[in-house]
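With chain P held as given, fit chain F onto it using these hints.
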Amino acid sequence: MSDPKNEGPGAARSRRGRNIALALALALFVIIVFVVTIVRLGANAAAPPL
Amino acid sequence: MTDQSVSSEAPPLIQAASWRDYLRLLKPRVMSLVVFTALTGLLCARTPMNPILAAVAILCIAVGAGASGALNMWYDADIDALMRRTRGRPIPAGRVQGADALAMGVTLSMFSVAMMGLAINWLAAGLLAFTIVFYAVVYTMWLKRRTPQNIVIGGLAGALPPLVGWAAASGTAPLNAWLLVAIVFFWTPPHFWALSLYTTEDYARAGVPMMPVVRGAASTRRQILAYSVILAPLGLAPAFTGLGGALYLAVAACGGLLMLVLAARLALSDAGDGAGRRIDDGALYAVTPSSKPARNLFAFSILYLFSLFAALLIERVAGFAPLDLLR
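Protein chains in written order, with our numbering: chain P, 1 to 50; chain F, 1 to 327.
Note that these hints are calculated values from the structure, not bench results. It is possible that some hints are incorrect.
[Stated by the list, open to error] Listing some non-contacts, in silico: residues in chain F with all C-beta distances to chain P over 12 angstroms: (1) Ser32; (2) Leu43; (3) Leu53; (4) Val138; (5) Gly171; (6) Leu175; (7) Ala253; (8) Arg265; (9) Asp273; (10) Val317.
[To be verified] One side only, chain P facing chain F, incomplete, derived with CB under 7 angstroms: (11) Asn6; (12) Ala11; (13) Gly17; (14) Arg18; (15) Val36; (16) Val39.
Glycine included, each C-beta is placed from N, C-alpha and C at the ideal position.
Chain P extracted, bound-state conformation:
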């Protein structure tokens, strides 16, 4: 890993792009878990398992 304080503009741009991609992936994961939870809860509430 390069030192963020000494990296050039190209490396800084790449790092920023990677960080944004990682943030988006994490946000997507949280949204998926939330939505799946609601869908599964909703299905079970509508037809409770015996």
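Chain F only, in chain P's frame:
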């Protein structure tokens, strides 16, 4: 992995990785084929499924496939650097550290399997985990560098996604789902061996015992024909088992026939026998005129498999009834 690539100190990166390099670790083109076949399996199960859960199941399969691709690139970085087709990959090109690819592969594998189990069902999760382990460990680490049957046995990993999709929708793994697996399984050897007939030098340089390297081109051409003779009738089978309809039957019959013709032409040719006058038509690999039948079969095999699964998908979406000719 060679001793050289297992040194404790990772080589310095030549340039900083962009997010696209990490995306490339997931082998997006392979992933798109996996998504396509898994989606076909999921829809062919004919089980009502919440569309959000269906999308999550496909995402899990895609991420699992990508994770196994990252693990493959981590382990194979040393031989990837020696082959024209793979030397531009992020690790051999010096843009991503091998350890990063390993971490990404392991993390995504665990997340995809856990999510599949918690959100969909544990049969699909188990099959997904098996697929990842089979590709990353059995094929990549064990078979690939040891036996010319590497892509035959290892092909099971690439064949399983329709079954995972089917299991995700229905929680079952019936015979029709295994039929889809069998089609991809028997399609794999003609597809990859046709490619290896005109990339033999690359595989030989990297020390990968592909069939043409170990047994020679003539034996490979005969085996391609043998697998095609099994594949063509197998491709028709879904029309007899209540899976495919009239459109599928027509596509499988025409495609299978053409596959056989191309495999026979290849068997009668001297493709892969030696270096001759090379044609440089802009393709990644320049081929000798005699090796053209190999490239034709390779290209058509992709279209053939795509057509079979596309026909099933179209019939399912359009609501066409399956034929079930055995009844």
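Verification of the hints:
1. Ser32: holds, 18 angstroms
2. Leu43: The claim stands: leucine 43 of chain F keeps its Cβ more than 12 angstroms from every Cβ of chain P (closest is about 19 angstroms).
3. Leu53: Violated: least Cβ distance 6 angstroms, not greater than 12 angstroms.
4. Val138: Given that every Cβ of chain P is farther than 12 angstroms from that of valine 138 of chain F, nearest at about 28 angstroms, it holds.
5. Gly171: holds, 14 angstroms
6. Leu175: holds, 29 angstroms
7. Ala253: Correct as stated: the minimum Cβ-Cβ distance to chain P is 41 angstroms, above 12 angstroms.
8. Arg265: Arginine 265 of chain F is indeed farther than 12 angstroms from all Cβ atoms of chain P, at 46 angstroms.
9. Asp273: holds, 46 angstroms
10. Val317: holds, 22 angstroms
11. Asn6: violated, 12 angstroms
12. Ala11: With Cβ-Cβ at 4 angstroms, under 7 angstroms, it holds.
13. Gly17: holds, 5 angstroms
14. Arg18: holds, 5 angstroms
15. Val36: For valine 36 of chain P, the interface hint holds, since the closest Cβ of chain F sits about 4 angstroms away, which is under 7 angstroms.
16. Val39: holds, 5 angstroms
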